[in-house]
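Engineer: These protein sequence lines map, in sequence, to chains A and B.
Just so you know, we're using my numbering here: the first sequence kicks off at 1 and counts up by one.
Just so you know, we're using my numbering here: the second sequence kicks off at 1 and counts up by one.
In case anyone wonders, no lab produced these hints; they're calculated from the structure.
Check the hints yourself; a few may be wrong.
Stated by the list, open to error - Derived, one-sided and incomplete: chain B residues facing chain A with beta-carbon distance under 10 Å:
| id | residue |
| --- | --- |
| 1 | A178 |
| 2 | W186 |
| 3 | R209 |
None of the values given here were measured: they were computed from a predicted structure.
From the three backbone atoms N, C-alpha and C, an ideal C-beta is built for every residue, glycine too.
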Amino acid sequence: METRIDDRAGNLPECSGGPRGERPLTGVEQVFDRSVDRRSAVGAIASGLLAGVGLLQTACSPFAAADSRERARLNWKRYFQGNFRLMTDAEKEETVRRLERLHELNTGRRINVQATDAREGVLYGYAFNISKCRGYMDCVRGCIRENNQDRQSDMRYIRIHEHEKGQINFEFAEDDFFHEVPVPGHFYIGTQCFQCENPPCVDVCPVQATWKEPDGIVVVDYDWCIGCRYCEAACPYDARRFNWADPVVPEDELNRNQHYLGNRLRSKGVVEKCTFCVQRVREGRNPACVEACPTGARVFGNLLDPDSDIRWVLENKKVFRLKEDLGTEPKFWYYMD
Amino acid sequence: MRSGFHRVVAVRSLIRAVLWLGLLSPTGCAGEAGHAGEEDASLLARLRSGDVEHPNADLSSEPFLGPTRRVAVQEYSSRPTFYVFERAPSIEQYPCSECHTVMLAAMRPRRRAEQLHAHWDLTLVHASDRVMRCTTCHWQGNLDWLTTLTGDTVSFDHSYQLCAQCHSEQGADWAGGAHGKREGGWALPRVIQTCVACHDPHRPTWDTRWPAHAGRTQQ
Numbered sequence: 001m002e003t004r005i006d007d008r009a010g011n012l013p014e015c016s017g018g019p020r021g022e023r024p025l026t027g028v029e030q031v032f033d034r035s036v037d038r039r040s041a042v043g044a045i046a047s048g049l050l051a052g053v054g055l056l057q058t059a060c061s062p063f064a065a066a067d068s069r070e071r072a073r074l075n076w077k078r079y080f081q082g083n084f085r086l087m088t089d090a091e092k093e094e095t096v097r098r099l100e101r102l103h104e105l106n107t108g109r110r111i112n113v114q115a116t117d118a119r120e121g122v123l124y125g126y127a128f129n130i131s132k133c134r135g136y137m138d139c140v141r142g143c144i145r146e147n148n149q150d151r152q153s154d155m156r157y158i159r160i161h162e163h164e165k166g167q168i169n170f171e172f173a174e175d176d177f178f179h180e181v182p183v184p185g186h187f188y189i190g191t192q193c194f195q196c197e198n199p200p201c202v203d204v205c206p207v208q209a210t211w212k213e214p215d216g217i218v219v220v221d222y223d224w225c226i227g228c229r230y231c232e233a234a235c236p237y238d239a240r241r242f243n244w245a246d247p248v249v250p251e252d253e254l255n256r257n258q259h260y261l262g263n264r265l266r267s268k269g270v271v272e273k274c275t276f277c278v279q280r281v282r283e284g285r286n287p288a289c290v291e292a293c294p295t296g297a298r299v300f301g302n303l304l305d306p307d308s309d310i311r312w313v314l315e316n317k318k319v320f321r322l323k324e325d326l327g328t329e330p331k332f333w334y335y336m337d
Numbered sequence: 001m002r003s004g005f006h007r008v009v010a011v012r013s014l015i016r017a018v019l020w021l022g023l024l025s026p027t028g029c030a031g032e033a034g035h036a037g038e039e040d041a042s043l044l045a046r047l048r049s050g051d052v053e054h055p056n057a058d059l060s061s062e063p064f065l066g067p068t069r070r071v072a073v074q075e076y077s078s079r080p081t082f083y084v085f086e087r088a089p090s091i092e093q094y095p096c097s098e099c100h101t102v103m104l105a106a107m108r109p110r111r112r113a114e115q116l117h118a119h120w121d122l123t124l125v126h127a128s129d130r131v132m133r134c135t136t137c138h139w140q141g142n143l144d145w146l147t148t149l150t151g152d153t154v155s156f157d158h159s160y161q162l163c164a165q166c167h168s169e170q171g172a173d174w175a176g177g178a179h180g181k182r183e184g185g186w187a188l189p190r191v192i193q194t195c196v197a198c199h200d201p202h203r204p205t206w207d208t209r210w211p212a213h214a215g216r217t218q219q
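Please put together the full structure from these sequences, using the hints given.
Structural biologist: Below is the structure:
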């Protein structure tokens, strides 16, 4: 079994030194296995005990049913799992199986959670034709269903902005409309996470719960995110969404083909965002928004393929990106007919 | 087990991708030698220097394409061969020659009261009647075929050739990838919808409609 201590870009974790430097540290070791002063130690132990006592009680009680003991045991392991990027392939496999099993225990139904790696030689790019968009929002609906977004808060990764002709100024555009479209004298621009090559959200995360994958997608480890929302503040495009409450997805609308870094079920207190449907594109499918759009306004493909549609658009159409001067290098371009 | 050659190719692709990632950032300047001011290299130049040999990553659109048969489109020399779905099987009353056994001129009603026996639901609202009439596209010699402005016959499978006569910009955009709808996934084979999949050739204008998603405040 291969063990690796660095992440795929060759970065070493900060607390990997010392006598146990041979294998990646678990969450417990990363948190507890370092020197602290007495005051911090007392505080940490006390809060840890309070958190753990509840879990421990259900896990060890001989009176709980076998199912709830297993559930408690799995929740305990999940609570102390490490950062996804530091896991070996075997640990990742164990992590996703645990999520599948927990869902089965909690609901009696099965899901399929993958941890598919980025494909080699692929860098995803996206183009949006603002002459074609007519404000239909088929993309929004497709995205919500594909990515298991919370229905109660009307969580949407994609926003369609209705601009009045004469200027592109997002301050004056309406992004929560519901009337017949397109409205004469108006045009429509859609935004979502642009998967920047130089993402400010990744730089500011205090716990490295979000990072850019080798295929260009910026992802979040929802079980590592502490919900500080610094990334939400840092994003210049307002792409990040925070779960103020436990997300609710009706069981019959649940998308059961999930990815650990993509559309698997999130919890209260974590940040999420568009991932270019990582669960789909790593299997060769288009993102749900691209497939749903009836006007063909959305173009997707591999930027490293000189024959791809996205490259043709960049080379032949007049493209622009939003807030170009910030240097975020988004991989999402706009063009017109 | 991967052979040594494949491993080398894979590693080379990976190195190139990693190098290209460094190139795409404006502050990264690792990579190709000999260029002064690497940070200022245009976006397209940076993209081209990162081209990989196997850009489909062992993925394919085949599993997502369904059983409909395809026709190759090879008229656009700037683009590698791509495909459209066959059209004739989805036309309800094809072949047209089953009814249209005589020339169209001979089928004209002699009396004003005698109207169309079929196609009564079709109205032509596409350019003015100084520009287009039925025979602009439908070949009178055999209604199983379409015709160009100069009289060349075209099969229904390649009907896009007709549209591109007047809509040449859209035709070029369509062949390139900036116009129209892709079928399947992002990997090869590239199958795209023809013009008539979205644009009714007899009445191409789209009506307004309601959005597919209502916000929580509007439900």
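Engineer: Each hint should be assessed against the structure and marked as holding or not.
Structural biologist: Evaluated hints:
1. Interface restraint check: A178 of chain B against chain A, minimum CB-CB distance 5 Å, threshold 10 Å, status holds.
2. Hint status for W186 of chain B: holds, given a least beta-carbon distance of 5 Å to chain A, under 10 Å.
3. For R209 of chain B, the interface hint holds, the least distance from its beta-carbon to any beta-carbon of chain A being 7 Å, beneath 10 Å.
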